[in-house]
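Q: Here the sequence shown stands for residues 1 to 199, numbered as in my numbering.
Honestly, the hints are just simulated from the structure, not real lab data.
Hints may be right or wrong, so weigh each one.
In the DSBU-like style, the derived pairs of lysine-lysine whose C-alpha atoms are separated by at most 35 Å in a straight line are [what the hints assert, rightly or not]:
{"#": "1", "residue 1": "K46", "residue 2": "K16"}
{"#": "2", "residue 1": "K90", "residue 2": "K102"}
{"#": "3", "residue 1": "K171", "residue 2": "K102"}
{"#": "4", "residue 1": "K16", "residue 2": "K61"}
{"#": "5", "residue 1": "K102", "residue 2": "K167"}
{"#": "6", "residue 1": "K16", "residue 2": "K90"}
What you are looking at is a predicted structure, and each value in this text was computed from that prediction instead of being measured.
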Amino acid sequence: MSITTFTIHPTANVSKDAAIGDGTYIWNQAQIRENVSIGSNCIIGKDVYVDFSVEIGDNVKIQNGCLIYHGITIESGVFIGPGVIFTNDKLPRAINPDGSVKGNDDWIVGVTRVCHGASIGAGSVILPNVTIGSFALVAAGAVVTRNVLPHALVVGNPARQVGYVCKCAAKLVEDGDGKYHCSACNEKFVFQEDVEVAG
Numbered sequence: 001m002s003i004t005t006f007t008i009h010p011t012a013n014v015s016k017d018a019a020i021g022d023g024t025y026i027w028n029q030a031q032i033r034e035n036v037s038i039g040s041n042c043i044i045g046k047d048v049y050v051d052f053s054v055e056i057g058d059n060v061k062i063q064n065g066c067l068i069y070h071g072i073t074i075e076s077g078v079f080i081g082p083g084v085i086f087t088n089d090k091l092p093r094a095i096n097p098d099g100s101v102k103g104n105d106d107w108i109v110g111v112t113r114v115c116h117g118a119s120i121g122a123g124s125v126i127l128p129n130v131t132i133g134s135f136a137l138v139a140a141g142a143v144v145t146r147n148v149l150p151h152a153l154v155v156g157n158p159a160r161q162v163g164y165v166c167k168c169a170a171k172l173v174e175d176g177d178g179k180y181h182c183s184a185c186n187e188k189f190v191f192q193e194d195v196e197v198a199g
C-alpha cells in the first residue's frame, strides 16, 4: 500500500476529512475545511481559506490570502494570484425577508469552475456561476461576472475580453481570419465564433 506524503505547516488548520495529494504543501495559517479534495504537487499559500467540499486538481498554485468558497472547482495546472476571492452567492443576505437568520437551506450555492491551465491575477474577484476557460488569463484586479472563453485575456470591472493569450501566457498576435500566433513561442491558434478550433 502506498503512503501519501504531503507537508502541512504547524499553524495550518486542515480537516481530517480533507484529501491531500502527494507532494502538496499547505503553508502558514491556511484553513482547509472538511471534504476538500486537493490533488498532487499543489502549493496552498499563507492565509488561504478553502471552504468545505471544494475540489482542486493537480499542480495548482494558490498564492497567499485567497478565499475559495463552497461550490468552486479548480482543475489541474491553475494559477491563482494573491488575494483572489471566489464568491458563491448571487443574492447575499444575512437574514430572510421575515428577519430570521439565513440557514444552509435558505440560499442557492453558485457553482464556478476554473478550467485546466487558467491563471487568475492578484486581487481578482470571481462572481458565482461562471466558467473560466482553459488557459484563460484574468488580469489583476478584474471582477469576473460572466464566462471567460478558453485562452481569453480579460481585464477590468466588469471583466471584458481584450484579446487572447498563449499557453505560455504571452498575448497572441492577430493575423486575420481568426488566426493568431504567439510572439514568444510561435505557437499558432485559430479561433472561430469565439471557440478555439485548431492549434
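Q: Hint by hint, say whether it matches the structure.
A: Comparing the hints with the structure gives:
no.: 1; hint: K46 <-> K16; verdict: holds, 19 Å
no.: 2; hint: K90 <-> K102; verdict: holds, 14 Å
no.: 3; hint: K171 <-> K102; verdict: violated, 44 Å
no.: 4; hint: K16 <-> K61; verdict: holds, 22 Å
no.: 5; hint: K102 <-> K167; verdict: violated, 43 Å
no.: 6; hint: K16 <-> K90; verdict: holds, 30 Å
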